[in-house]
Structure formats: C-alpha cells, structure tokens
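Number of protein chains: 2
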Amino acid sequence: VRDAVKPLLAPSALPTGYTLAGLRCGISNKPGKKDIALFYSSRPAVGAAVFTKNLVKAAPVLVSRRHVLSSKTFRGVLINSGCANACTGPRGLKASRESLKWLSAGLGVRKEQLLVASTGVIGRQLPLPPLRAGVRRLAAAVRRGGPGSPKDAVEAIMTTDIRPKAARFAFPWQGRTVTVWGCAKGAGMIHPDMVTMLFVVLTDAGLPRAALREALAWAADRSFNRLSVDGDTSTNDTVFLLDNGAPDDSPALRKTFRSALQQVCLSLARQIAADGEGARRVAWIFVEGARTEAEAKKLAAVVATSPLVKTALHGADPNWGRVVAALGRGGVPFDPDRVEVRFGDMVVFRRGQPTDFSAKAAHKLLDKDEVTVRVDLGRGKAWSNYVTCDFSKEYVSINADYTT
Amino acid sequence: VRDAVKPLLAPSALPTGYTLAGLRCGISNKPGKKDIALFYSSRPAVGAAVFTKNLVKAAPVLVSRRHVLSSKTFRGVLINSGCANACTGPRGLKASRESLKWLSAGLGVRKEQLLVASTGVIGRQLPLPPLRAGVRRLAAAVRRGGPGSPKDAVEAIMTTDIRPKAARFAFPWQGRTVTVWGCAKGAGMIHPDMVTMLFVVLTDAGLPRAALREALAWAADRSFNRLSVDGDTSTNDTVFLLDNGAPDDSPALRKTFRSALQQVCLSLARQIAADGEGARRVAWIFVEGARTEAEAKKLAAVVATSPLVKTALHGADPNWGRVVAALGRGGVPFDPDRVEVRFGDMVVFRRGQPTDFSAKAAHKLLDKDEVTVRVDLGRGKAWSNYVTCDFSKEYVSINADYTT
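Chains S and A are the protein sequences, given in the same order. So the first sequence is numbered by the numbering used here: it starts at 680 and just counts up by one. So the second sequence is numbered by the numbering used here: it starts at 680 and just counts up by one.
Hints in this document: simulated from the structure, not taken from any laboratory. Computed from a predicted model, the values in this text were never measured in an experiment. There's no promise every hint is true.
All copies of an identical chain are treated as equivalent in the list; a pair is satisfied when it fits inside any one copy or across any two copies.
[What the hints assert, rightly or not] Derived pair list, reagent style DSSO-like, types lysine-lysine, alpha-carbon separation capped at 27 Å:
hint : residue 1 : residue 2
1    : 976       : 732
2    : 751       : 790
3    : 732       : 773
4    : 751       : 934
5    : 1060      : 790
6    : 709       : 1039
7    : 1047      : 709
8    : 1043      : 709
9    : 830       : 934
10   : 732       : 685
11   : 780       : 685
12   : 773       : 976
13   : 685       : 1039
Assemble the whole structure, with the sequences as input and the hints as a guide.
Encoded structure:
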C-alpha cells in the first residue's frame, strides 16, 4: 500500500497551480515529527468544506467555517498536527486567528482567503512562538513556487497514522487534463469516536461554487460517511476542497468531476480503514435486500462498528453469530429466518441457521488484507455499504496512553 | 471481591425452600468446566422475567417467554453454559423443550412450571445425550432436598467470567426474615454487544405476581439497564425472579422488597462491570444538571461505552477531552461552555476549557479499583448514571478467538 501511494506524493501528481509544503516547527512532542503544512494555490480558488457535527467544535473549525461563509475564493489551507486546539476557549480561538494573520502577511493575501485545521491532543494551547516561526517558513517556502513537496505536507498532518494517505484521479477534458488530488489523515477506530479525520482535496476543474459544494456533499455521502471512522464525531473533523481551474460550467464536467471526487474520497477512506490503529485488514460490509437505503446503511454501520465483529475479523474467525446478533440490535424489524450472511462468496447463515460450511475454508477466506461480509435481509431491493477495519490489541496500547 | 462473594455462595445464604445444583455434563468444550445448573423451588413460586430485546432471540428465550405467559407458578430454572442454543432453528427449539420435558419427569412437576436459559457459542446445536444425562443428575440432586450447592450452580452458568457473582439482601419483616438472593453471569464489554447476561434472583418475600413484576421492572431500570453491558442486546439475555414465600400483599413489604431487589441487582451489575473481560477497574459515570433524566441517561451511556474513554480509564489517563468529545456527539444540545467535568472530586474541565489541574494528582485519583467521572451539564436538575469498566488488551485476546 505504501508503495502504491508513493507516486501520488510526487510533485508531478498535483493539479496545476498548487504549492505544498510541510515542516517541523515544534508543536508536536514527537522528536523530529513534521507538524505544520501549507496547501497553497497561486491563483484564487473556489472552495467547499465539510465540518464535524460534534457539538464541541475546535477553534480552527469555528474560524474556517466563518471564512467559508464569508469569502468567495481561497488561497491556502494551514494545518498543524500535535495539538487539536479544541476546548481551548478564547485563547485558542485567538491562536487560530493569529496564525492566519501571520500567513496572510507572509503570502500577501487576505486572511479570509485562508483556511485552517488542527489535529492532535485536545485541551492544550497552541505554542505561539514555534507556530509563528513555522508559518513564516511555510510562506517563504511556497513563495519559491512550483509544486513544492506534497510528501512533506502529507507527513506533517499525520498523527497516529502509520502510512501517508493520498489518492488521485485525472481525466481528459476538452484538450486539457483535469486532476483531482487528495490527501488525508486519520486512523481506523473500533467505533466512530474522536480521532480526527482531515481531508484536503485539490483540483483544477474550474467548477462554480454551487457545483463544487454539491459534488462534495454527494461524494461525502458515498465515501467517508460510510467509514466506521465516522466524520461527524471528532471535535476537529474537516474536509476542504479547493478548485483553482479556469471557470467551466459544463454539466458533463460536473458529472465526471463528481465521480472522480468520489473515487478519490473513497480511496482515502479505504486507506484510513486500512491504517486502523493496529489493524490487519480492511472489511467491506454490504447490507442488501433492505426496504430502504437508510435501513441498509443503519445495519451496515451497526455491523461495521461492532467490537465483537471487529475482533472476530482480526482473528479471521468466521463468527457469523456476532454478525447476526449485531443485526438484531440494529432497530430494523427484519425476519431472521429470511436473512442470509456470506463471507466473500461463502454462505454461512441462511433461514435462521448456520449452513454446513467448512470453518477452515471460511477462516482462509477471511485471513486476507481485504475481506467482504455480505448480508441479505430478504425484505427489499435497497442496499448500502460500510468500510471498516479489524480490531487488534495494538489499538489498546495506542489509545490507553495517548496523553500521558 | 472474590472473598466478599464467598459467604454468599454458602448454602445458608439462600432464602428458604430453594435447592441449587450445578455439575458438568459435557456440553462445554472446556475440560472439567461445570456446564449445567438447576435452581429448584420445593414450593410453587410466583415468577417474573425480563428477556432480551434483540430481534434474534435464542430458543430458550422463546420457550421461557411462553411459560412465563402461560403459567402462574414455577418450580425451577434450568441453565446451561457452553452453548447458547441461538440461531439453531426448529431443532434448537426442540432441544430446549425436550430438556424441560426430561426435567419435568425427573422432578414430577408440570413442564410449564420450568424455565430455561442458555449461554455460550451461538449457532451450535445442544448435544442431546449429555444434556439428558445432566438433567437427570440435577433432578436427582435436588430431590435430596436442602439448599444444595449454590457455589456449583453459580460456577456452572459462568462462561468468560473470571469470578462468580452473587449478592444478597435480607431484612426482618413481621417476625420473619425476607431474603433476596441473586446470582449472575456476564462479563463487562467495551460496548453493549452480545455477551449474554443472565440473572437469577430468588426470594421468599411472598409478593403477588403484579408486585413482583413491578419491582423487577423498577429495579432493572436502576441496575442492569444502566450497565454498559446492556441487557437488551444479546440473543440470550434473561433475568428470572422467583418468589416462593407465603402470600403477603402489604404495601410496606412491596416497597422494602423493591429496594432490596435493586440493591441485589445493582451489586450484580457492578460485579459484571468489575469482571469486564480483562478489566482493571469499575467506573461510575454520573451525568447531572440535565433537563431530563432521559437525556442524562443518554449521555451517560455515550461516555460509558466510548472505547476511547474506556482505554483512557485503563491507563488512568485523565483525558477529559475524550469525555467532552463523547458528550458532544450524544445528540443533546447542551452548551459546552457550561459543562463541568470532574474525576472524583477534582474539577478538570470548566467553562469550555481544562482547569489548571495537576495531571499527576488526577492520574493517582483514577488509578483505583473504583473511580467516578461526573459531568454537570449546567442546564437543569435531572441526572442519571451508568456503571462501566475500563478496556484492556486482554479483552481483544479473549474475543478475537472465541469460536476458533
């Protein structure tokens, strides 16, 4: 997987007109860890964003949300790791605002044209002197022009991530190439909880703002909103989409772009699941034969977030019983006797009972990097899916001592 | 804890007129593990029960539910471990019915006067020859009379439990002693999921059926329904309450009995939390200052079941940020600036920010067998609580290889 991502971190992978930089300024406690990144557009870019639905929102979320509402174009996204700047009160809010003021001066753009995100420990204040120095050095780096270093930027936004995450989809369009490039940070969790997910997607498509927003909402619902690391729960979750292309309002472009954006977001979501803290494999949970897509999604989420299902996946244990029991508490009134459960293509449960499947063969089927669990409810034609990861001992080691 | 339970497993701890027996018949795969138990009343007893709300119900749940509805008095409860007899179709249903038929013949009572529960692996059929032999030996054992062996019975219903769980509350009543004795199996989980919880509570109070039912519903809502190992999710969860006392319909007895029953159930719930698979400590989560008890309970449940809160508790990490973030996704529109969070008596979060607390002192406060997390929402006077356990690496080892 790491090797597959490598070419996507090369400067040539970026859409035109963007410069990326990442470096260490000293916010993070991890020695040597790069901790601040800038995603800069040399031309004004149209933007769209999705923010966390958590009631408790971090300072950078409040600042960026305001800028997204008040500004028509954007020039850059500043992201630090090592400190979430959440639950930090007025002082934290001021720190996020100041950082954009410094960046605005360094780049010679309006501060409302800048967006900001943070990830790391909650409740700690951002240390201002290193932050200020970092912002200055980033501004100086992007002024040099060219694509800069996507690799440095992506590494600088990582926290508990083991692997950098990037995805790219390019398509020819009326004599030019439209590129959609995205990166993300976040690691798969046993439950939608509070490890921050950040996505930055850059393109040169040239769509108008309304089309960009519509495409992001559509792609979100088909990618990171179906990840068991749900986007709506941390204090800091943020998705930014910038488009610095020459204006082009063709409906055909909109449609192709939407698919490209979904591909990129889905690939990033999959990489997050695969990079689950201590995770060994990615699992796709399909719930089919439902009355509505909503009930299918609800049950897929229950199965995908069940700790007992996820620990069974870790051991490649063909424990269909845990799948069925998770379905049973999902609040959808299906008939257990009409349910079918498959691991890969092997039917393991049918008509209220396990089939006569070989446990050994089923184990082998599940002992892979990427596995599929399919449920057919037998009550309709709607379906939905979720991507999740298995759940290992390492998860606990990572999370038991996160702040101490 | 084990020592505290010991006297409660002595024959003298039981209310009058009950005989308990437990033995190994060979249903469980664990060598030497006792796997079948009988709770017998020498007199007809009035009964009440609570069953799982999971849509997928095990065969013994279906059989017992029917008996509870059709019969006015009961003589015994048969419980096996090692096989849940869930998702086993018509054959499983027949096995549960047969076992009660054999027991009915062995005891000379109507089979509708018998109740049954199972716990263990889902989807396996009960092996009939050992089951039949076990039932016969149990019937023979209780026919000898006397209290029998509560210890054997309690051990026989255990699965992943490390410690046997029992509780007792006795009070003087008009020249006699009313005893409420209960035992349980179940181990704390990181999430309401599907480890079965079984409770058997025996008393000689003498209350009418309606009073018994009302008391059980009341106590349930104040004990195991506030355990993060929730009673409504496994395929097999069952609570049985038997009362073989001479009829006494005094309102004062009802009231005292209700409290006694709550004490016993709460103690059993606490023991289940403490026996969490790999758990190191019990945590009481209080949410106060809410508008309604329902919203307080909802938020207490979110905090009590958050894997990140539970891993932090494991490391005695004073990570109030995880508590606040969990609250924020609970769906209650509180004002984060009015929230106060305390570990024990130490305020760690107030007015949207952490206080200047000592991390070392807070760690010490949390590094105990039993800890308290208190949240004040600052928006009303209602409150609720939940009991939970920390979440350790051992949990994963236990659950990753449960069937294989």
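Going through the hints against the structure:
1. Taking the closest pair of Cα atoms, residue 976 and residue 732 come within 27 Å of each other both inside a single copy (18 Å) and across two copies (21 Å).
2. In this homomeric assembly, residue 751 and residue 790 come within 27 Å of each other (Cα to Cα) only inside a single copy, at 12 Å, whereas the closest approach across copies is 76 Å.
3. In this homomeric assembly, residue 732 and residue 773 come within 27 Å of each other (Cα to Cα) only inside a single copy, at 22 Å, whereas the closest approach across copies is 50 Å.
4. Taking the closest pair of Cα atoms, residue 751 and residue 934 come within 27 Å of each other only inside a single copy of the chain (23 Å); across copies the shortest separation is 67 Å, beyond that limit.
5. Taking the shortest Cα distances, residue 1060 and residue 790 never come within 27 Å of each other, neither inside one copy (50 Å) nor across copies (44 Å).
6. Taking the closest pair of Cα atoms, residue 709 and residue 1039 come within 27 Å of each other only across two copies (21 Å); inside a single copy the shortest separation is 44 Å, beyond that limit.
7. In this homomeric assembly, residue 1047 and residue 709 never come within 27 Å of each other (Cα to Cα): the closest approach is 33 Å inside a single copy and 29 Å across copies.
8. Proximity of residue 1043 to residue 709 under the C-alpha cut-off of 27 Å is restricted to the inter-copy arrangement: shortest distance 25 Å between copies versus 39 Å within a copy.
9. For a Cα distance limit of 27 Å, the shortest separation of residue 830 from residue 934 qualifies neither inside one copy, at 30 Å, nor across copies, at 69 Å.
10. Taking CA atoms no more than 27 Å apart as the test, residue 732 paired with residue 685 passes in neither setting, with 32 Å inside one copy and 49 Å between copies.
11. Within a single copy, residue 780 and residue 685 get their C-alpha atoms no closer than 34 Å, and across copies no closer than 67 Å, so neither meets the 27 Å cut-off.
12. In this assembly of identical chains, residue 773 and residue 976 lie within 27 Å of each other by CA distance neither inside one copy nor across copies; the values are 40 Å within and 35 Å between.
13. Proximity of residue 685 and residue 1039 under a CA criterion of 27 Å is satisfied in neither setting, with 36 Å inside one chain copy and 42 Å between copies.
Comparing the model with each numbered hint stated earlier shows that hints 5, 7, 9, 10, 11, 12 and 13 do not hold.
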